[in-house]
Structures are given as C-alpha cells and as structure tokens.
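Starting from the known structure of chain A, fit chain B onto it as the hints suggest.
Number of protein chains: 2
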Amino acid sequence: MQTTTNWSALLGNTSPLRIGIAGLGTVGAGVIRLLETNRELIAARAGRAIEVTAVSARERGKDRGVDISGFAWEDDMTALGSRQDVDVVVELVGGSDGPALTLSRAAFAGGKGLVTANKAMVAHHGLELAKAAEAGGLALKFEAAVAGGIPVVKGLREGTSANQLTKVYGILNGTCNYILTTMEATGADFAETLVEAQALGYAEADPTFDIEGVDAAHKLAILATIGFGVELDFANVVTTGIVAVRAADIAQADALGFVIRLIAEADVQQDADGPKLLQRVRPCLVAKNHPLAPVDGPTNAVVAEGNFSGRLLFQGPGAGDGPTASAVVADIIDIARGDVGAPFSMPIAQLASLGPAQPGGRMERTYLRFTVNDRPGVLAEITAAMRDANVSIESLIQKGRGGDDGEVLVAMVTHEGPEANVARAVELLDGSDSLTGEPLVLPIIA
Amino acid sequence: MQTTTNWSALLGNTSPLRIGIAGLGTVGAGVIRLLETNRELIAARAGRAIEVTAVSARERGKDRGVDISGFAWEDDMTALGSRQDVDVVVELVGGSDGPALTLSRAAFAGGKGLVTANKAMVAHHGLELAKAAEAGGLALKFEAAVAGGIPVVKGLREGTSANQLTKVYGILNGTCNYILTTMEATGADFAETLVEAQALGYAEADPTFDIEGVDAAHKLAILATIGFGVELDFANVVTTGIVAVRAADIAQADALGFVIRLIAEADVQQDADGPKLLQRVRPCLVAKNHPLAPVDGPTNAVVAEGNFSGRLLFQGPGAGDGPTASAVVADIIDIARGDVGAPFSMPIAQLASLGPAQPGGRMERTYLRFTVNDRPGVLAEITAAMRDANVSIESLIQKGRGGDDGEVLVAMVTHEGPEANVARAVELLDGSDSLTGEPLVLPIIA
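Just so you know, the protein sequences line up as chains A and B, in that order. 1 is the number of the first residue of the first sequence in full-length UniProt numbering; add one for each residue after it. 1 is the number of the first residue of the second sequence in full-length UniProt numbering; add one for each residue after it.
If we strip away everything but chain A, and leave its shape as in the complex, we get:
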C-alpha cells in the first residue's frame, strides 16, 4: 500500500521540511507571513515543521513587513539550489526565462523539490521541468500559477482524476474580469476603466499581458495539460484580448440577456486526422444564468466538465498575496506529507502530443458589432455579406449617433452556425469603406 512514508511523516517521525525562498515581493513576504501566522496548524497538517532556512531577492535591506534576519541570505538566488539546508526551493521571482528558470534547473540539479507561482515559466518550460523532476524523483508543484488561491490544479490533478474531461474553461484573469465587470457596472469605456484599475492596483503599469489575454493563455495551457493528459502547447493558444470591447457592446449584450467575460477554454475535438487540442482565450457573451456570469471583480472561476463527474465549478480570489501564498504553502504541505507525484497528473512520456484543432468547424452563436458610416446601403452591404457567407441572422440592432463618438453601431446575433462562415462574412467586408473600424466578433456561451 506504500503508505508508511506518508504516515511516518504524519506521525511526526521526521525532521522539519526546510524551505529556500527566491523572490521577496508581496507574495514572498506573504508566504513568510503565512508560515508564521499558521505555524502550529501547518505543522499538524504537514506532519512536520516547515522552516524557512534561506532566502534570496534583489535588495537585502528593503522593508517587507516581515523579519528575514533569521534566514540565511543568498545574493545569487541560484545558490539556493545547492544549499545543504534546503529541501524545497520556492520560486517567486517570475518571468518565463532568466533567473527563475536558471534557479528551477539548479533546484532539480541539486536534488531539491520546487514550488513555483510562475505561470509563464510553467507554460513555456513545464515539460522540461517536469522531466527533470521525474528523473530525480523530485517534487514540482505550481498550484499558485493558476487562479491564485483556488486549488484548481489539485482539483483537476486529484479531484477529477477519474474523469475524461470534455471541456475546461473559465475566467482566469482577474484584471480583465475587474475591467469588464466595472464597465458593466459604470457604463464607462475601456480606456478610463483601465486607468482606474491601475490606480486601484487591479492592473499593472504595463497591463499588456493581462488585457491581451496572454496571462490567461499561460494558465489555460497548464490546465489543459493536466485536464486532458496532453503535452503543454502554449504556442497554439488562440488569444484575443479585451481592448476592442466597448461600453456599447456591454450594453447590447445586457439587452440581449448576456454579460461579457474573457473566457479561456480548452477541449479536445476529433478532426479528420485524429484528436486535436483546441485552446482559446477570447471575450465571450455569457448567458446571465450561466455559473460564470455572476463572477465579478478580480475573482477567478474554472469549470471542468468530466464524463462522470458532470460540471464542476471552482471559484475564488484569482490573485493577491494572501490567496497566492495560500496556494504556495498548500503545495509545500503536500510535499511535507509525501504527497508528491506527476506534476501534470501522469508521467511526461504518457502525455499525448496533439496538434492544434481547426476551430472553423465549430457551431456557435455569435455576436457581431460593426462601426459604420451613417449612409444609405450600409446595412444592405453587411447583410448581403452575411447571406453570401451563409450566416443566418437572429437579431440585428442599428444604434444611431449618440453612441460612442457619434458613430453608428450595427450589432447582431447570429443563429448557431459554423464559425468559419462568420469569419468568411467578416472577410467579405474587409476593406469596405462602409466600415469605420474592425468588426468585433464575440462567441456566445449559453
């Protein structure tokens, strides 16, 4: 039954688990604060004490609100990977490459376990790191890399492990969700809401990774790998951000019974030449009675649909030092318990290598919004393009001047049909001088 090691740990027969932390920003300080605040409880649950022995960061002197004088200091964080008094390296530096990756490789080379909150590094180099962990019989854990404090990596790795998942999707970026739900509440447009979000700390000074959907794509690629047993394929996540979404679109969606959310979605579809992985991040219209519709502010939520479990929802704070520290320390406790195994739920050699799916064949209802010149024939031109591309229109609204910048908006919802047809219709209108800007195309999730 191979349980003895776990139990011996739980019955307190083992020495403390010794932690080396690289990166002492808000999350690193949060981890230290958490380990202190809940020390006894954590020792009881882990079956052994968890002790920070060494730390590394850019500036040693900086005030972080936590006392680090009791920990050994390394100017070169990579050295944490070879310290004799470190069992597990906690990487909280960030960045897909550079120091974080160098440290992670050093940790495995030094026979340490690795806990990281670094979604970019896991999305880009997760397979390499998992192979190194596998080869060394070492721990690689990254609960904090996806959806902050929500235990969704464990939820898929342990909770739905008996299931063939049919679909994994959700709201994985708190910044975008804050912006979209604030636009919803205030009627304000994207630009001013972003500025407000930055002022309130919900968006970074350079928000590109968030608002362009890259951050959500990192997390989606990780969830898809665990959920479907496929190799990480971040490069093929089709990603659209929220920059083009206007207050007028949110108002139209509301009138039609929908909200707009940035949805990250992955599933496996059978193409002519076998199963393919479809991974997409894009703003969608979400029906108001869908479990993801009420998810507002910086909250994250993940839906996993299994062939036996049915539809499961995991929801909670998607970021913040407290929730992220909670996920990091949960991983440390797992390691202390001896609950260590394949980071992506099965050995790397058994992960399937699927190519990217061609989404064109999918049937969807779609919301389209055009900004047009107010002159005769424009509607005829648009509707003709729809007809020629075999797109069936369910409803159409033309919104006259007084909308954004006095432009005329034409918004429509299509009947369910192949995505490719909608793309074709937009193509047919490409370059038309009736249009004053790029059309917005949002799929509808009911």
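Among the hints, a few may not be true.
[Claimed, not checked] Each pair of labels, with its calculated beta carbon distance range: (1) Ala349(B) with Asn236(A): 47 to 57 Å; (2) Gln84(B) with Gly95(A): 46 to 56 Å; (3) Gly70(B) with Gly274(A): 45 to 55 Å; (4) Ala272(A) with Ala185(B): 54 to 64 Å; (5) Gly355(A) with Pro356(B): 25 to 35 Å.
[Stated by the list, open to error] Chain A regions said to be covered by chain B (calculated; three or more residues, Cβ under 8 Å): (6) 71–82; (7) 246–258.
These are computed hints drawn from the structure, not numbers from a lab. Given the structure is predicted, the values throughout are model-derived calculations rather than measurements. Just so it is clear, CB atoms sit at the ideal spot from N, CA and C, and this is done for glycine as well.
Just chain B, lined up with the frame of chain A:
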C-alpha cells in the same frame, strides 16, 4: 523527500491495485462502469492498473447493467476484508452501523485501505475508523461522502491546508435544494413539490433524513472536522429541516431580495471558556447576489473562508451514480499514487475537542413569519413581544386571506441583533391564542 514510493508507482514499477467492492447499487455499478470506461486514463494517472477482483452485494443474480462475472463473489461482504487478492475495500453499502461498519473494521483488521461513500458512518464512527487506519498505516478516504462529485474533502484537506478557516458553509443536500428551488420556480407548496421530487427520483420514498436536514448534518460534521481540525461532533449539529417553509415564505423572501436555501454552516467562536464549535443546518434567507443564491436543483455548493485564501467556492452535482463514482475512484487513484495520509488532514491525537458553542450571542438579521387569527390586537401583541425582547423590526408585512388556507400571515425582517432576543420574543408569544401555528424563524445570510 520521501517521494520515491510515489514516483515508483507513477513510473509503473508496481503491480495493479486490487479493489473489493461491497454494495452494487447504482453507485457500485457506476464505479465498475467508470473503471472500465476510463481504464487506460486511470492507469496512466494512477501509475498502475486498478483491477476489481472481488465484489459482494445482497443478490448475486440481479441485472445491474455491468458484467460482474469476472470478479470473485462473496456472499458475506465482511470476507472482503480478509481476501488476499484485495488491497482496498470500497464500501458502498450505506448505513451508519451494521454491515458497513463491520466491513470497515474488518478491512482495517485485514490490512486493507478503505474507500467509502458512507456519510452517516463517517459522521458517527469516523474517529474510530481513522484511528484504526492510523494504527495500521492504512488509507481511509471518503470524498464521495460529502457533496457527491465535488472534490471538497480534497479541497479542504489539500487545497486550503495552509489556512485557518474562519467558516465553512454551503448547500449540502440536493433533495432539499431541488424542493426549495422548485417551489421558487412554480410557487407550489412543500407537500406537492416533495411528491413530485419523489416521482422524479430527487427524493427517496422515505425522505426524512434529507428534508429534516440530517443528511446535510452528517456532511457538515465531516467538513468541520477537516476544516477546523476538531473532533467529529455530529451529535451537536443543531438541525432544522425545510418542512415548515411555505410558498408564501419564498414569495416574501423574493419580494425582499432573497431566496430560501437549506444552509449547513460551521465555525469556531470564542466563548467565555475558550473556543467552541458551532454547527448548524437550517433554512436561511440568502441574498440574491450571494454565490449560493444561484445554486439550484440538486446541485451542491460549499464555501470555505480561509485567513489567507479568502472565500473559495466549490460547486457541482451533489449526487447521482456518475458524480459519486467519480469521487470514489478519485480516492482509489490517490491510494494507487501513494497519496495517503490523515483522513481528517491531521492525526487524530491532534484534533481539538471543542464543546458546542452557544449560538445565542450571534448577531443576525432574521426573517420571522407568524400565522395568526384575523382579529384586532394581534399585531399589537406580536410587536409588543418584539419590543419586550429588544428585537428591532426593519420591515413588516401582513398578508390577508387568500394566502395559504385563508390564514393571515405576518412576516417581518429584523435589524441585526442577538439571536437570543429573537428566541426570547418567540418564547413570549408561546401559547398565545392569536397564533394558529408555530412561528417560522429564518436567519438572513447577506
């Protein structure tokens, strides 16, 4: 790092994990179907094959839609605990005592791991069973005992393990939630809705355990033990069912911006003589913007609030053979992986033994509904009782004849105040011939 056993399992160096299943009802058949349907996937994730070797049930010949001819048969299920070809016993018989408990004891006596879906047995005998598992270094897992397919036992045991939980609460009984949300949708009263639920299979022929809140109390006691690190104390769960909830109450709640849900809730409060455990199951008014409000039909949902994680929500199907089998097999996979440890997240010896809390001191807003005789002075009598008990009334509605059975209903919402005052007010009215029935008192969750 104690990871080698896990990895050796994951790298396929181990023999199959051999399962003996007791109880072949819909869940037992579901487990066999799941192990067959997802066989390869499960072997990859478990790191080894999982084989059913022996089964036991009441009737051998019965058609269950699955082929059991390949498994050894035991007429006496207790014998599964001593078979040499069984590593893990799966108990799907049910009942807090009797055969299920006898089998579980036999399993540990025989050095087997135990996976059970039996909430009643775990709520009543979980400590004894966990001690036996601990003593033998054996697995005891019961994900399926709480909230069907939702991995909330793992969610609290592994997901929030770094946190001091402040509160665990949720919707833990699908039958009650189906009835209440159906009453909400149809306006029908309790009795007829129950009959309909029975016809549709959402309520059992004898629904007592469900509608009286006992089933939810079993689950709550288990979650409280894991979440707070306290000894199981099912006996002290204060339980009120949904039988007294009328269509008129749901209509009043709706008018006030609330829905009515059966809420199971546990927390630890500091009483004069130290920390005490408060466990309650009762119908509550839930604000429509609360994450539990949209939870309808047989769906379950659990909210866990941690001191670092913040508020986490776990939601999904609360029952059914598929979701329950998904939870049972997830436990089996954990055992195959070697992820085995303290069933209640810490060793039994370290669970705190708290007495039950006195709820009277809690501050709550409350909904009260009286059925009264339509005659002068009744309102004066009720409002005088409120005044004398120091209960401050926020709003009051008298609903004349034409309501249920032509009775007169008086419904009110109080300002936030001590629960004890409301109880006192109801006491003052006890025996008054103005009242035609027991008052209904529902706390408000905002």
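Check your understanding: If you check the beta carbons of Gly355(A) and Pro356(B), does the distance land in 25 to 35 Å?
Key -> violated, 59 Å
Point to revise | Whether the CB-CB distance between Ala272(A) and Ala185(B) falls inside 54 to 64 Å | key: violated, 44 Å
Point to revise | Coverage criterion applied to the stretch 246–258 of chain A (partner chain B; beta-carbon cut 8 Å; 3 residues) | key: violated (count 0)
Exercise for review: Can you let me know if the beta-carbon spacing of Gly70(B) and Gly274(A) is within 45 to 55 Å?
Suggested key: violated, 31 Å
Practice item. Could you say whether the range 47 to 57 Å given as a hint is met by the Cβ separation of Ala349(B) and Asn236(A)? Key: Since Ala349(B) and Asn236(A) have Cβ atoms about 51 Å apart, the given range 47 to 57 Å holds.
**Study point:** Consistency of beta-carbon spacing, Gly95(A) to Gln84(B), with hint 46 to 56 Å
**Key:** With a Cβ separation near 54 Å, Gln84(B) and Gly95(A) satisfy 46 to 56 Å, so the hint holds.
**Study point:** Coverage of the stretch 71–82 of chain A by chain B (three or more Cβ within 8 Å)
**Key:** With 0 residues closer than 8 Å to chain B, the stretch 71–82 of chain A misses the three-residue bar; violated.
Violated hints, in rising order: 3, 4, 5, 6 and 7; the structure is consistent with all others.
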